[in-house]
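Taking the hints into account, I'd like the entire structure generated from these sequences.
Just so you know, the protein sequences line up as chains F and W, in that order.
Numbering-wise, the numbering used here puts 212 at position 212 of the first sequence, and it's gapless, one number per residue.
So the number in the numbering used here is just where the residue sits in the second sequence, counting from 1, plus 259.
Each hint should be verified, as a subset may be incorrect.
[To be verified] For lysine to aspartate or glutamate, the following EDC-like pairs were computed, each having C-alpha atoms within a straight-line distance of at most 16 Å:
| hint | chain 1 | residue 1 | chain 2 | residue 2 |
| --- | --- | --- | --- | --- |
| 1 | F | K206 | F | D168 |
| 2 | F | K75 | W | E347 |
| 3 | F | K170 | F | D115 |
| 4 | F | K132 | F | D115 |
| 5 | F | K170 | F | D140 |
| 6 | F | K203 | F | D168 |
| 7 | F | K197 | F | D230 |
| 8 | F | K81 | W | D355 |
| 9 | F | K219 | F | D230 |
| 10 | F | K81 | F | E124 |
| 11 | F | K85 | F | D99 |
| 12 | F | K86 | W | D355 |
| 13 | F | K75 | W | E467 |
| 14 | F | K9 | F | D22 |
| 15 | F | K85 | W | D355 |
[Stated by the list, open to error] These stretches of chain F come out as covered by chain W in the derived footprint (C-beta under 8 Å, 3 or more residues):
| hint | region |
| --- | --- |
| 16 | 14–26 |
| 17 | 44–50 |
| 18 | 53–67 |
| 19 | 73–87 |
Calculated from the structure, these hints are not laboratory results.
Yeah, the Cβ is synthetic: ideal placement off N, Cα and C, and Gly gets one too.
Single-letter residue listing:
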Amino acid sequence: MATQKYICKVCGYVHEGSSAPDICPQCKASASEFEAMKKKGISTNSNSYTIIYSVVLVVIVAFLLAFAHSALSEKQDDNVKLDTKKQILSALNINNVEDPQAEFNKRIVKILNIDGSENKPVAEFDVTGSDKYQVIYQCDIDGATKYVIPLTGNGLWGAIWGYIALDDNKSSVYGIYFNHASETPGLGAEIVTDKFKAPFIGKNIKRNNTITSIAVVKKGQTEDNRDCVDGISGGTITSSAVSTMLETCLKNYESFLTK
Amino acid sequence: MSLSKKNKEALLNPLSINNPVTVQVLGICSALAVTAQLEPALVMGLSVTVIVAIANVVISLMRNTIPNRIRIIVQLVVVATLVTIVSEVLKAFAYDVSVQLSVYVGLIITNCILMGRLEAFAMQNGPWASFLDGIGNGLGYAKILVIVAFFRELLGSGTLFGFNILNYDAIQEAGYINNGLMLMPPMALIICACIIWWQRAHNKDLQEK
Chain F
1 MATQKYICKV CGYVHEGSSA PDICPQCKAS ASEFEAMKKK GISTNSNSYT IIYSVVLVVI
61 VAFLLAFAHS ALSEKQDDNV KLDTKKQILS ALNINNVEDP QAEFNKRIVK ILNIDGSENK
121 PVAEFDVTGS DKYQVIYQCD IDGATKYVIP LTGNGLWGAI WGYIALDDNK SSVYGIYFNH
181 ASETPGLGAE IVTDKFKAPF IGKNIKRNNT ITSIAVVKKG QTEDNRDCVD GISGGTITSS
241 AVSTMLETCL KNYESFLTK
Chain W
260 MSLSKKNKEA LLNPLSINNP VTVQVLGICS ALAVTAQLEP ALVMGLSVTV IVAIANVVIS
320 LMRNTIPNRI RIIVQLVVVA TLVTIVSEVL KAFAYDVSVQ LSVYVGLIIT NCILMGRLEA
380 FAMQNGPWAS FLDGIGNGLG YAKILVIVAF FRELLGSGTL FGFNILNYDA IQEAGYINNG
440 LMLMPPMALI ICACIIWWQR AHNKDLQEK
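Right, dumping it as structure tokens:
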């Protein structure tokens, strides 16, 4: 608590402290003759002051936040779009390119709908738009056709997502990318590492032309009727979330993938 | 540049005998959450330093006008606004950093060190002293986070800043395995407790009678 000033009503002596002195050093008046002095004329403890203060503060803050958001949102959206493109390129094993935008336009040939019909031209397609999880990116890597399928699911604490790149046979994995919003660092969050992603490459998502997806299983275990990769020890829920995400998302593209 | 004795104390005491984590026991929650690896721990420590310094200055400038009964709410509003604006700016101009910080930015708002310093220091002191106090407490917090994260990452994952230190076949064959428990939050609490133990053993002033 800040110190307060007390004034002696008898002689006008001003005392500074947390409470009035027992006797006035000038006129020997008792403590009851002292009165607390108000600072700068306004009492910061009155109800009306408190209400007006809080209203003004909230209005200023709301204005500041709204201004910051609207001034920066365009730049933020651009960053998100560019980052999404980087993620798609990463699924195609293209990392750390100098100009991701140009690289994206070069590699992505067509945007296809879930059933394989053509969506919009690449330049007009919004990678963060509402239909971002219902498309297939047809890509060209040095003459070979690859298909990138977006994935989305729920991890332990929040969203997880990724992109899986398939070879021309629509079965074997060419590259893969995972990311997450808030998985446990050191455990579930390890799904972004190469150590987790590398075993996916070369695995098949189809057997006998039906979609089996790829299972993420406990280290060393296998499943008879489909391809498996090792999960993360300590990150069991995130690992199985990845497994579920792959299965659910790939099933959506069944008509395209089994055609 | 010379500092007065009081300002010097405001800046340097939090690094040692008045450390926010080990002596004031503030900010323990985030110390558990972000110390599984060194990099997020360092980033979190520096972000808290910046935010606590700015918030301290703002509250210190406003301190004479703040109504006593709603002072905690006012402090919270100032902190939340600052953190939100910083996060928006990062998203626009340093997207990679903001992705890396992700949830930690939100965690800064709930960090007890901020509220503790605002209430205990900035409400009574001038802007310059408050700024130094903010920097001191932020760095004191960062220091503990980095120490805890060093042990947790080294013994838990066998790496430091993501670089491999202990994951070599020769070491693994000799019977050493990474301790998974180190990656769990309870281990952070135990390491914190060990630091407090060590500090109290060396500082007679801190021991309770």
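Comparing the hints with the structure gives:
no. : hint            : result
1   : F:K206 / F:D168 : holds, 13 Å
2   : F:K75 / W:E347  : holds, 10 Å
3   : F:K170 / F:D115 : holds, 14 Å
4   : F:K132 / F:D115 : holds, 14 Å
5   : F:K170 / F:D140 : holds, 14 Å
6   : F:K203 / F:D168 : holds, 14 Å
7   : F:K197 / F:D230 : holds, 10 Å
8   : F:K81 / W:D355  : holds, 13 Å
9   : F:K219 / F:D230 : holds, 5 Å
10  : F:K81 / F:E124  : holds, 13 Å
11  : F:K85 / F:D99   : holds, 11 Å
12  : F:K86 / W:D355  : holds, 12 Å
13  : F:K75 / W:E467  : violated, 54 Å
14  : F:K9 / F:D22    : holds, 14 Å
15  : F:K85 / W:D355  : holds, 14 Å
16  : 14–26           : violated (count 0)
17  : 44–50           : holds (count 4)
18  : 53–67           : holds (count 7)
19  : 73–87           : holds (count 6)
Checked against the numbered hints given earlier, the structure breaks hints 13 and 16 and satisfies all the rest.
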